[in-house]
Amino acid sequence: MEIPEIVGAGLIVIGVGIGVGSIGRGATEAIGRQPDAFGKINIAMLIAAALVEGIGFAALFLA
Amino acid sequence: MSIPLRRIKIFYHFLVLVLLTSSHALATAKNPQTRQDYKAEIEAYIEHHILDNHDFNIFSYTNSQGEKVYVSIPLLVILWDRDVGLISFPSSKFKHGKAIVSVKGKHYKVYHSRIYQTDAEGQILYNQEGKVTNYRPIDFSITKSVVSIVLVSLLMFWFFYKHAKSYEKNDLMPTGLGRFLEPVILFVRDEIAIMSIGEKHHHRFMSYLLTLFFFIVILNLIGLSPFGINVTGNIAVTFCLAIITFIITNFKGNRNYWAHIFWMPGVPYYIRPVLMPIELLGVFIKPFTLMVRLYANMAAGHIVLMTLISLIFVFDGVFAKGMGFLLSFVIANLKILVAILQAYVFTVLSAVYFGFAVAEKH
Chain A
1 MEIPEIVGAG LIVIGVGIGV GSIGRGATEA IGRQPDAFGK INIAMLIAAA LVEGIGFAAL
61 FLA
Chain B
64 MSIPLRRIKI FYHFLVLVLL TSSHALATAK NPQTRQDYKA EIEAYIEHHI LDNHDFNIFS
124 YTNSQGEKVY VSIPLLVILW DRDVGLISFP SSKFKHGKAI VSVKGKHYKV YHSRIYQTDA
184 EGQILYNQEG KVTNYRPIDF SITKSVVSIV LVSLLMFWFF YKHAKSYEKN DLMPTGLGRF
244 LEPVILFVRD EIAIMSIGEK HHHRFMSYLL TLFFFIVILN LIGLSPFGIN VTGNIAVTFC
304 LAIITFIITN FKGNRNYWAH IFWMPGVPYY IRPVLMPIEL LGVFIKPFTL MVRLYANMAA
364 GHIVLMTLIS LIFVFDGVFA KGMGFLLSFV IANLKILVAI LQAYVFTVLS AVYFGFAVAE
424 KH
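Top line first, the protein sequences correspond to chains A and B. Quick note on numbering: our numbering labels position 45 of the first sequence as 45, and the sequence is numbered without any gaps. Quick note on numbering: our numbering labels position 51 of the second sequence as 114, and the sequence is numbered without any gaps.
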């Protein structure tokens, strides 16, 4: 049986969603602990989220 | 400040009422025939707003004969045809996709916002996969997106030039709209450029980062206007923006940047050849994700907003229509946030990549 491509896309979205969500949680917790470091945490969060999303987009285009 | 309990109760009653009526409306909405018509019309409507157009459409109405009349500003169509070479004519000749234009013995027709060469009857031919097989001339037209990009560029150039000059006259005090924009510019410098590139090199990239930020933010916000100028939701535009970031990153990259790609310092020697292709791939993936992120966010946002607005016309009943209006109103507000956030993310990530490129040895 052939699995349709959209299933793969769904799996990718689940994975990327979990990844970006946990990055966001980590960042918000860190900001909660140290509000002064907001700027640095923000940049680090965006870089990590961009990397995860990058893998996700690459996989979505292959799917 | 606390909200009185009574008000909350009234709100809940209202919400339940709205939900009930909207589900009722769904059940009794339309007979299947008109529902099919609606579906096709909504699809055409969304496509019309997402894709680029050859004329600048302002509004449309249905006249007394029941025909749809489109009022639009005609733009210039420029085509390179393999048979007759360069040709150009105003887009009003297409009559909003209804007419076939004949130039130098060849016939052209707009089909789904693309120009195809057809026979005299304007036949569009398909292959077995449903793809159009007609010859498509290379299209250099001044489309709606091109016009809006040029207009926004001129506006930005005029405003920021004037604003920069006004600092000389007014003893470093901003005037007018500049009072609102100065904190934004300082934000881009302090929170984006200095944070991610560093104190020493940030001034080399400030002009590009500011241009990028304001260009994307203005185009995103204009995209929310009823004219439906969907420039940043067009992958060609985001591709060009990402390509510029890519070129600047790699041309400004110092020896540390290239060492981190080809011969990663600080890891065992037998891992370095393994890391090289991954890092090299990363050089191309970075601008690629910049491109796709902005495009996907803006295009998907437009589709969602258009669909919700269409719901107002699909549903029957005042409450269901109100629900559709409320939903599209909330999402439209969210879109303003997304428009600014995506410009911010694009700028921050460009700045971070420049930061990688000019990082000192540590």
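These are calculated hints, taken from the structure and not from any lab test. By construction, the Cβ of each residue, glycine as well, lies at the ideal position given by its N, Cα and C atoms. A few of these clues could be false.
Said to hold, decoys possible - Here are the computed lysine to any residue pairs in the SDA-like style, where the Cα-Cα straight-line distance is at most 25 Å:
#: 1; chain 1: B; residue 1: Lys-263; chain 2: A; residue 2: Phe-38
#: 2; chain 1: B; residue 1: Lys-315; chain 2: A; residue 2: Ile-47
#: 3; chain 1: B; residue 1: Lys-263; chain 2: A; residue 2: Gly-54
#: 4; chain 1: A; residue 1: Lys-40; chain 2: B; residue 2: Pro-289
#: 5; chain 1: B; residue 1: Lys-315; chain 2: A; residue 2: Phe-38
#: 6; chain 1: A; residue 1: Lys-40; chain 2: B; residue 2: Leu-368
#: 7; chain 1: A; residue 1: Lys-40; chain 2: B; residue 2: Tyr-198
#: 8; chain 1: B; residue 1: Lys-131; chain 2: B; residue 2: Leu-368
#: 9; chain 1: B; residue 1: Lys-169; chain 2: B; residue 2: Tyr-198
#: 10; chain 1: A; residue 1: Lys-40; chain 2: B; residue 2: Ser-216
#: 11; chain 1: B; residue 1: Lys-158; chain 2: B; residue 2: Arg-177
#: 12; chain 1: B; residue 1: Lys-384; chain 2: B; residue 2: Tyr-407
What the hints assert, rightly or not - Only part of the chain A face toward chain B is listed, based on derived beta-carbon distances under 8 Å:
#: 13; residue: Ala-37
#: 14; residue: Gly-39
#: 15; residue: Ile-41
To be verified - Which residues of chain B face chain A? A partial, calculated answer using Cβ under 8 Å:
#: 16; residue: Ile-348
#: 17; residue: Lys-349
#: 18; residue: Thr-352
#: 19; residue: Val-355
#: 20; residue: Leu-412
A quick look at each hint next to the structure:
1. B:Lys-263 to A:Phe-38: Satisfied, since the Cα-Cα distance of roughly 21 Å is no more than 25 Å.
2. B:Lys-315 to A:Ile-47: holds, 20 Å
3. B:Lys-263 to A:Gly-54: Given pair Lys-263 of chain B, Gly-54 of chain A is violated - Cα atoms ~29 Å apart, limit 25 Å.
4. A:Lys-40 to B:Pro-289: violated, 38 Å
5. B:Lys-315 to A:Phe-38: Status violated; Cα separation ~28 Å.
6. A:Lys-40 to B:Leu-368: violated, 34 Å
7. A:Lys-40 to B:Tyr-198: violated, 53 Å
8. B:Lys-131 to B:Leu-368: OK: Lys-131 of chain B and Leu-368 of chain B at ~23 Å, within 25 Å.
9. B:Lys-169 to B:Tyr-198: holds, 11 Å
10. A:Lys-40 to B:Ser-216: Status violated; Cα separation ~32 Å.
11. B:Lys-158 to B:Arg-177: holds, 14 Å
12. B:Lys-384 to B:Tyr-407: violated, 35 Å
13. Ala-37: violated, 11 Å
14. Gly-39: With a closest approach of 5 Å, the Gly-39 of chain A hint holds.
15. Ile-41: Interface hint status for Ile-41 of chain A: violated (11 Å vs cutoff 8 Å).
16. Ile-348: Cβ of Ile-348 of chain B sits 5 Å from chain A, so the hint holds.
17. Lys-349: Check passed: Cβ of Lys-349 of chain B comes within 7 Å of chain A, closer than 8 Å.
18. Thr-352: holds, 4 Å
19. Val-355: holds, 5 Å
20. Leu-412: OK, holds: Leu-412 of chain B within 8 Å of chain A, min 5 Å.
Checked against the numbered hints given earlier, the structure breaks hints 3, 4, 5, 6, 7, 10, 12, 13 and 15 and satisfies all the rest.
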